[in-house]
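Trainee: Residue numbers (this note's numbering), protein chains in the order written: chain A, 1 to 172; chain B, 173 to 624; chain C, 625 to 991; chain D, 992 to 1091.
Quick caveat, the hints were computed from the structure, so don't treat them as lab data. It cannot be assumed that every hint is accurate.
What the hints assert, rightly or not - Reference listing, derived: stretches of chain A covered by chain B, where coverage requires no fewer than 3 residues with Cβ under 8 Å from a Cβ of chain B:
1) 29-35
2) 102-110
What the hints assert, rightly or not - In silico contact screen, one side only, chain B against chain C (beta carbon under 10 Å); selected entries:
3) 319
4) 392
5) 537
To be verified - Under the rule of at most 20 Å between Cα atoms (straight-line distance), these lysine-lysine pairs were calculated in the PhoX-like manner:
6) 607/B to 826/C
7) 710/C to 912/C
8) 868/C to 857/C
9) 852/C to 868/C
10) 765/C to 802/C
11) 186/B to 4/A
Beta carbons are placed, not taken as given, at the ideal position from N, Cα and C, and that holds for glycine.
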Amino acid sequence: MLDKVLFYFFAAIAVASAVLMVTRRNVVHSAIFLITALLATAGIFLQLRAEFLFIVQIILYVGGIMVLFVFVIMLVNLDVALQQIQFARQKWVALLVALALAAQVGFMFWTSGKMAGQGLPVLTAVAANRLPANSETVAHSLFESYLLPFEIASVLLLVAMIGAVVMAKKRT
Amino acid sequence: MMNAILQATLEFLKLYWAPLLCGVAIVAILPLIVGYIVLVERKLMADMQARLGPMRVGPHGLLQPIADALKLLIKEDIIPDNADKLVFWLAPVLSVGAALLALAGLAIGPAFQIAQDINIGILFVVGISALGIFGIVLGGWASNSHYSLMGALRSSAQLVSYETAAGMALVSALLFTGTLNVKSIVLAQSKDGEGIWFVMLAPVAFFTYLVASIAETNRAPFDLPEAESELVAGYMTEFSGFRWSLYFLAEYTNMIVVSSVATTLFLGGWLRPFASVPWLNFLDFVPTLLIVAVGAYCIVRAPKQPARVQQLFMLAVAGLCFVVGLALLAPVLVPVAKPFYAGIHGGFWFIFKVSLYIYFFMWLRFTIPRYRFDQLMRLGWHFLIPLSIINVLLVGVALIAGAYFNLKGWGLLLVTTPAAVIALVVALLILNAEKERNARQNQTVASDFYAG
Amino acid sequence: MTLLGADELVINMGPQHPSTHGVLRVKLKLDGERVIGSECIIGYLHRGVEKIAENRTYQQFAPYVDRMDYVAAVSSGLGYCEAVEKLLLVEAPPRARVIRTILTELQRIASHLLWLGTHALDIGALTPLFYCFREREEILKIFEKYCGARLTTHAFRIGGLQYEAYDTFERDVERFCKDFESRILEYETLLTQNRIWIGRTKGVGILTAADAIAFGVTGPVLRASGVKWDIRKAAPYAAYDQYKFEIPVGTIGDTYDRYLVRMEEMRQSRLICLQAIENIPAGPIMAKVGKVLKPPPGEVYHAIEAPKGEIGYYIVSDGTVMPYRVHIRPPSFINLQAFDRMVRGHLVADVVAIIGTIDIVLGEVDR
Amino acid sequence: MLPIGHYLFLSLALFIIGVIGVVTRRNVIVVLMSIELILNAVNINLVAFSRLYGDVAGQVFALFIIADAAAEAAVALGIIIAFFRNRETVLEDEMDLLKW
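Start from the sequences, fold in the hints, and give me the full structure.
Mentor: This is the structure we're talking about:
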């Protein structure tokens, strides 16, 4: 029961703040709501017993990437940006895309429900102490099965870092 | 629907009533603790600066924090006209909330930890306390003032840079334990584990963390975001009264958090110094002696107080000291109280180490000038981060060598000491290169800019 | 709110900023955190001292000059008294001149101590301020014992002194000078070799010798740029010709050099005081000047080496009891001109260091 | 416990909101933030399935996505700063030149 309530709680926050993020005119407010959405997602990770991902989400996403976003928002001129029209004239396209996506996934749910005959699988409840230690398992998986992707990811980050430095560097 | 929520709440309370109670207690007591840390800081500063410090409120200014808190609470709450009201309200709350939440992951003794045995342990503390940066950045932005914004930008840049160095330093220590769990980390330093504090195994990492933690908490000499002589008060410029005191609370809570992390990882947490050496067991009497000494000093000083109330107050403090002293003595001598040994003495040693760490912070603040922003960034990126990365590598190599030679405990020093020495040499090399670069830069800086 | 991009950020430092040493307002043009232009806006403390002089008798105006450089009132007073004496064609008796020298040198130490404390505080060192004020307090006590006032002393009179040195004057000064030697070492331990202090001051606010002369800069700021110019040696006044002392000079004229020069000046002042108290000549302390001063018509310029630089008085007399015109050359005002030159290309944090290193007193800048 | 569909619906909702943000907003920074939201929605899916099948691989992939998001954000924000410095705007319709 607690699990369920926690899920609905975090899910509600996530969706509400995501909506607010897209609709706010002020970019800083958008960023704040995105942070809230990300934190709520972290909560959902925790509810799914993915503790390590929960803290990675907080440290990297919220504490790293979002700080970068806020930093850039403050660097660029906000006063000018506020006065201009914020929404493109593509609302109908957006609605269409959204509807198409929703329809597609809805169809998927519908067929899968029909095929299995008894609806979607339910996550089994496991007592917290019977789960394997999360960060250790993730680490083992990461450094044993997925070592190559890990290295590629680090190279990607390096490239991104160099790229960002080159981009943001002042050309004098 | 309501029924379900009620049921969930009951379930939650049944599962987590003890941590919840502890949390409430901490949130209630912490402002007082922070107030007294500030008082101690002012007293120490006064002592080092050849003056007396607060003396008026209570004997030797002992009630000053309460007076300060009252003053802050009844001050006018000013919100600047063009401020973003929502964010202006949110920012200090975020700041203090993150700092308080981070406390939950810390273990003050083997028994006292709010978030019991979480798997991600130390990462939780570090990650959550890092969220406090949003309080600073958004607060600076929301007050709509140049000084605030510059303070906010400075601080976010500073925090992001020094977090890397601090994280790397933590990794060096974590290599010895192989776990993130706070309790396991401390136990790895007791006689069940290596039996040696990690500060001895990874001194360079401790040094890096020390510097980075000062920078992360925005303390002197890295207090640029709030440098009063440059940016008035940095991101706090427009805040007053209660909001300002929230920032203040967050800053000092963060100090407690980083010192606790350092204590846990490097200084053996709640363990007594040399806990694994049996013939040094008489050290168990040190806490009692210390506390009783303080009490005795109070009794000696009490008759010299000018007012009757102050004399009584001093005597009360002395009495409290004796009671605490007795409580500390009991587990050592009385067999019945033996089970409480780890809890009571653990708490004492933990708080003692944290206090020493904070004392070091303060000492630095009174002694040395402030860095300039570019120097601060250069120190972070050109010195601390390379050093900490190299140190992680060296510690890793040392550990592999230790495993190869089957070294344990104090024996590990054989391999970690050379690693530390190499790291120090690297540090000196980096510093030297920096110095030359600086010298070259200084020659060109002044002549270039007058043209514009 | 643009920090990057084509247009720069203009930021107002002061007049209520904690480290502009009073009510100086600096408009800084910034590119990021780098200063690309600056403008000092002064006058918040303007009282029209020069105009007031035209409506006061010569003696009445003397206390007003104390209110200009209020942290070095004795020096300003000495300059004014000597200027009027020059106009009157009288000279203070030797005893008065020696006591004047001692007090002025003590004032120089006090002024430099105040500078050191606040300058260090601006750069972030909290503690030197209190050490400096501890010693400054001793000096102010001597002033108080001598003339009853601590800050705006009005210690000297036109023609000499009003008060005889009190009984333990020599002993007090000697004790102070003895203590001060170790005290100055204390400040040096805290700062001189400190890496952060060096990093914050070395190469910051460089003023070349040619620039310094072109801007008319005087005092320690000029000497730190390598120009050996000190009115105490160049045109000795009071009793300076009797004492041996060095003029410290810097090499490149950055903030660190100015710091070293001022530290050395304090040492030299201490030596002068020690030499002076050894032999204070006996005799009268007041020259023969009437109760009503009516200098002969004419004009005079007299300058002395105040702690902050050359303080000059240009006085025109029309033969009446009040001066026809008084013009004052305040060192802070002239030295402040070099601010823009020193500050360009540096960071915001350096601005406060540079304001501190020029050692201005706004009372004197604005008059 | 909850059926997997709950998580999928949440993920879908966030994803669609993200897509709407990408399509409708003109401010590049908000567009970028919407993309982060989309990536985040995917992560929920991955973790939920990882929990369902008791296989940690899903979480590892979520980690990779976070790393990728970081890289993307860094480069994109670098471009935004460079763009803003040249054109003084952060609106995407103004980005009509391939080179400047």
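Trainee: Does each hint hold? Answer for all of them.
Mentor: Evaluated hints:
no. : hint           : in the structure
1   : 29-35          : holds (count 3)
2   : 102-110        : violated (count 0)
3   : 319            : holds, 8 Å
4   : 392            : holds, 6 Å
5   : 537            : holds, 7 Å
6   : 607/B to 826/C : holds, 12 Å
7   : 710/C to 912/C : holds, 14 Å
8   : 868/C to 857/C : holds, 10 Å
9   : 852/C to 868/C : holds, 16 Å
10  : 765/C to 802/C : holds, 16 Å
11  : 186/B to 4/A   : holds, 17 Å
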